[in-house]
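The listed protein sequences correspond, in order, to chains A and B.
Residue numbers are given in the working numbering: position 141 of the first sequence equals residue 141, and the series is strictly consecutive.
Basically the working numbering = 1-based index in the second sequence + 316.
Hints are computed from structural coordinates only; laboratory data are not their basis.
Careful, some of the hints might be misleading.
As a list, the in silico DSS-like pairs of lysine-lysine whose alpha-carbon atoms are at most 27 Å apart [as the list claims (entries may be wrong)]:
hint, chain 1, residue 1, chain 2, residue 2
1, B, 491, B, 528
2, B, 742, B, 528
3, B, 393, B, 460
4, B, 528, B, 590
5, A, 154, B, 393
6, A, 8, B, 491
Covered stretches of chain A, as calculated for chain B (at least 3 residues, CB under 8 Å) [as the list claims (entries may be wrong)]:
hint, stretch
7, 73-86
8, 278-290
Don't be surprised by glycine CBs; every beta carbon is placed ideally from N, CA and C.
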Amino acid sequence: MWASHYIKLFFIYFAIIFILNSGFVIFADPYNIFGSPNFKSINNLKFRYQTYERVNKIYQIRRFQPNTIILGSSVTDVGLKPQSVNRLAGKTFNLSFAGGGIQEAQLAFRFAAENAPIETVVLGLEIFNFRMADDSQLVQFEGRVSGGLWATAKDIARHTISIDALYDAIYTIYANLAGNPTTHDASGRYTGFEPGAVPRTPREPMGVDVAEAAYAAFAALCREARERQIDLQMFVSPLHHNFVLKREQLDAWLVRIDTIAGAHGFQIRRFTDAQLQLRDGTAFLDATHFRPDVGDRILSALFADSARRPSRSSGR
Amino acid sequence: MLFNSYEFILVFLIGLLFIYAVLGNALFPTWIRKVALVSASAIFVAHGGLISLLLLCISLAINYLFLRYLQAEANDKRRKYCMVVSVIFNLSFIGTFKYADFIAGSAANVLDQEFTRFGLVLPLAISFYTFQLIALTIDSWRHKWRCPAVLDYVLFIIFFPQLIAGPIVRLQEVKDDLANLKGFIPANIAAGVSVFCVGLFKKAFVADSLAKHSDKFFTMIEGGAVPAFFEAWGGVLLYTFQIYFDFSGYSDMAIGLAWIFGISLPVNFMSPYKAGSIIEFWRRWHMTLSRFLRDYLYIPLGGNRRGPFVRWASVFVTMLLGGLWHGASWNFVIWGGVHGIGLAVNHAFRSMRIRLPGFLCWGLTFATVVFCWVLFRTTEFDDAMRVYAGMLGLNGFVLPLQLASRFDLLQLAIPGLQFASSELIKIPAIFQLAIAVAIVFVLPNTEQTFRPQGQWRSVIPTLWAVRYAALGFIGFISVYNAQEFIYFRF
Numbered sequence: 001m002w003a004s005h006y007i008k009l010f011f012i013y014f015a016i017i018f019i020l021n022s023g024f025v026i027f028a029d030p031y032n033i034f035g036s037p038n039f040k041s042i043n044n045l046k047f048r049y050q051t052y053e054r055v056n057k058i059y060q061i062r063r064f065q066p067n068t069i070i071l072g073s074s075v076t077d078v079g080l081k082p083q084s085v086n087r088l089a090g091k092t093f094n095l096s097f098a099g100g101g102i103q104e105a106q107l108a109f110r111f112a113a114e115n116a117p118i119e120t121v122v123l124g125l126e127i128f129n130f131r132m133a134d135d136s137q138l139v140q141f142e143g144r145v146s147g148g149l150w151a152t153a154k155d156i157a158r159h160t161i162s163i164d165a166l167y168d169a170i171y172t173i174y175a176n177l178a179g180n181p182t183t184h185d186a187s188g189r190y191t192g193f194e195p196g197a198v199p200r201t202p203r204e205p206m207g208v209d210v211a212e213a214a215y216a217a218f219a220a221l222c223r224e225a226r227e228r229q230i231d232l233q234m235f236v237s238p239l240h241h242n243f244v245l246k247r248e249q250l251d252a253w254l255v256r257i258d259t260i261a262g263a264h265g266f267q268i269r270r271f272t273d274a275q276l277q278l279r280d281g282t283a284f285l286d287a288t289h290f291r292p293d294v295g296d297r298i299l300s301a302l303f304a305d306s307a308r309r310p311s312r313s314s315g316r
Numbered sequence: 317m318l319f320n321s322y323e324f325i326l327v328f329l330i331g332l333l334f335i336y337a338v339l340g341n342a343l344f345p346t347w348i349r350k351v352a353l354v355s356a357s358a359i360f361v362a363h364g365g366l367i368s369l370l371l372l373c374i375s376l377a378i379n380y381l382f383l384r385y386l387q388a389e390a391n392d393k394r395r396k397y398c399m400v401v402s403v404i405f406n407l408s409f410i411g412t413f414k415y416a417d418f419i420a421g422s423a424a425n426v427l428d429q430e431f432t433r434f435g436l437v438l439p440l441a442i443s444f445y446t447f448q449l450i451a452l453t454i455d456s457w458r459h460k461w462r463c464p465a466v467l468d469y470v471l472f473i474i475f476f477p478q479l480i481a482g483p484i485v486r487l488q489e490v491k492d493d494l495a496n497l498k499g500f501i502p503a504n505i506a507a508g509v510s511v512f513c514v515g516l517f518k519k520a521f522v523a524d525s526l527a528k529h530s531d532k533f534f535t536m537i538e539g540g541a542v543p544a545f546f547e548a549w550g551g552v553l554l555y556t557f558q559i560y561f562d563f564s565g566y567s568d569m570a571i572g573l574a575w576i577f578g579i580s581l582p583v584n585f586m587s588p589y590k591a592g593s594i595i596e597f598w599r600r601w602h603m604t605l606s607r608f609l610r611d612y613l614y615i616p617l618g619g620n621r622r623g624p625f626v627r628w629a630s631v632f633v634t635m636l637l638g639g640l641w642h643g644a645s646w647n648f649v650i651w652g653g654v655h656g657i658g659l660a661v662n663h664a665f666r667s668m669r670i671r672l673p674g675f676l677c678w679g680l681t682f683a684t685v686v687f688c689w690v691l692f693r694t695t696e697f698d699d700a701m702r703v704y705a706g707m708l709g710l711n712g713f714v715l716p717l718q719l720a721s722r723f724d725l726l727q728l729a730i731p732g733l734q735f736a737s738s739e740l741i742k743i744p745a746i747f748q749l750a751i752a753v754a755i756v757f758v759l760p761n762t763e764q765t766f767r768p769q770g771q772w773r774s775v776i777p778t779l780w781a782v783r784y785a786a787l788g789f790i791g792f793i794s795v796y797n798a799q800e801f802i803y804f805r806f
């Protein structure tokens with residue numbers, strides 16, 4: 001008799017704790033999944049944004065409904081201010097991921113195009129984006145953006161009914177109450193990046209192993225942009241002049257991406273040091289990350305050209 | 317399949333419970349329930365690789381022939397030969413799959429020859445079921461047992477809760493439970509589920525949280541890091557508590573799961589870190605292995621019947637082999653050897669009637685155990701030596717920078733103490749370690765809670781349901797960060 005009562009109570013308590021935990025995590029919404037109401041100094045700032053950037057941004061973009069997205073890696077995440085693009089190309093969201101490759105960018109692009117009224121995409125390209133992607137990370141990301149019911153349910157469960165989610169929900173409330181600074185602004189840009197050292201003398205030329213799958217992803221991205229009639233603004237991200245890449249590899253990469261982009265009617269912009277004032281000692285945060293001022297110059301140049309081109313409504 | 321995985325809990329276990337609930341009806345004979353458990357266990361093993369299941373079946377079949385022969389044969393001499401052959405077979409079986417690379421590699425090293433690994437797959441649970449089979453054959457020979465029925469025999473070995481990492485069970489401990497396998501009994505479910513929740517909490521929440529820090533510590537050590545005093549102690553203590561919660565958590569899960577099905581497995585842990593001597597430690601740590609080593613190795617080697625020298629030598633050899641059982645590597649052998657020396661010294665102290673204050677006994681025992689875990693965890697002798705140098709203060713004293721404002725007076729007490737940003741030990745690790753220490757030393761253990769005096773409680777207070785639901789839930793949501801059990805490798 002006692003045992004049946006005990007078992008019933010056990011499962012009732014388990015269910016109550018389950019509901020309380022889920023409710024609390026949904027309220028704190030540490031990864032922006034649920035779009036829970038924001039209360040200032042309680043849950044409006046998300047302190048685990050950077051660690052879970054690939055979760056935060058994907059769920060956030062459905063609610064944000066931008067017209068323009070910025071894609072790329074930490075370089076564009078840090079260097080391109082959506083507010084600057086807003087003035088040029090409508091409501092903008094920075095959908096770049098730290099360490100993100102072109103395969104992730106392509107998946108993120110498709111997801112954004114299917115879930116928001118995207119008209120313009122700004123894509124910062126680096127040879128590093130074309131390396132072999134981390135398979136497990138890519139599979140997980142693919143599941144998240146695929147929109148499949150099972151993958152979405154697993155993803156939401158993973159970020160709601162897990163000890164990390166509980167810790168992060170507690171931390172979100174605590175850090176909001178404590179008034180801690182956060183790392184991202186409302187439009188997804190990484191504002192908490194800590195500057196590193198800029199090389200004082202030229203480094204040994206660095207080699208990069210480029211993956212064939214990355215070119216395929218880039219081609220898919222260009223093709224989809226063309227099919228969806230989206231204005232794809234691409235540029236090669238500038239590096240500090242003392243950060244040198246192996247010339248032959250770099251040239252081969254540039255030729256290849258130019259060819260792919262050209263085949264779909266797009267152009268990849270390259271800027272000189274003089275155009276972006278890159279020789280200015282304050283242009284870079286470290287060897288690869290340019291400052292937002294440089295980003296503003298890039299965006300101005302991209303959209304100045306864009307304005308001269310026929311608009312989407314008139315066909316490309 | 318890990319017990320601490322969603323596929324096990326939500327698919328395998330719930331599916332099996334559902335099937336077993338149906339088969340528990342009195343309409344069904346006992347053998348159907350046995351078949352269900354054997355089939356589920358076979359699926360459990362096959363999930364880890366079909367080759368593991370195949371080898372287990374081969375071992376089961378051959379050992380069953382030995383058992384049949386032992387029952388049929390009346391001649392004692394032949395029965396003894398049969399027992400010896402079966403032990404040799406089992407040792408060869410485990411030796412081939414687990415130790416072939418180690419033996420050949422060590423020989424090649426001594427002879428200064430090139431060595432290419434055989435690359436044989438290590439079958440799941442081989443260390444545990446082989447020992448269980450050896451014990452069964454020897455006991456059958458010693459006590460002239462009747463060979464168990466095939467289904468009982470197979471279920472005894474393959475029963476999934478205890479198959480992979482013990483406890484190492486003896487037939488007489490579960491014979492009655494196996495023979496009278498009933499359907500679900502609410503009292504067993506209540507206790508079994510609660511014990512499983514305790515185990516899940518210990519493993520998924522406590523051990524895996526500690527593992528994040530201790531793994532980082534030992535990875536850095538393998539990378540050549542030189543730990544200072546507090547870092548070294550912190551890292552090693554993290555591992556000390558990680559391995560306890562990892563293995564005792566597994567044992568609790570196994571005991572709880574088995575009890576849900578009405579099979580009572582033996583105790584495997586009894587607060588080993590509270591032990592006041594190395595002898596006592598081995599009576600509380602992995603108790604079923606200690607018992608096996610005592611009954612099937614130490615006593616046949618001479619035990620305590622042939623004077624102190626033979627006794628100490630037997631202890632030492634037993635522990636060397638016990639160390640080797642843990643893994644095909646010299647660090648496990650040395651670890652076992654050091655424990656063997658500790659046991660021999662402990663026996664010598666006892667025979668000389670040297671008595672130390674209780675707290676000192678506990679401190680010495682605990683320090684010895686902690687020091688030995690360094691050998692167990694590191695794979696290179698140099699790494700272990702660097703950790704030992706750190707633990708002895710030879711690499712200086714460094715505390716995390718965050719503690720500087722609160723503990724700056726310590727600099728007066730400890731010359732050379734520095735506060736620096738430590739990559740090896742972080743504040744959360746210290747916090748988690750403190751929780752683990754409190755659980756070990758303040759709270760009663762699972763056995764004391766659920767099986768006082770060795771018997772399952774006849775009644776569990778209803779309010780405990782809240783406690784175990786909470787522990788179970790925390791364990792359940794911690795499963796996302798699950799790591800393999802340390803003893804799975806053995």
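Handout entry: Indices of hints not satisfied (ascending)
Key = Violated hints (numbers, rising): 1, 5, 6, 7 and 8; every other hint is consistent with the structure.
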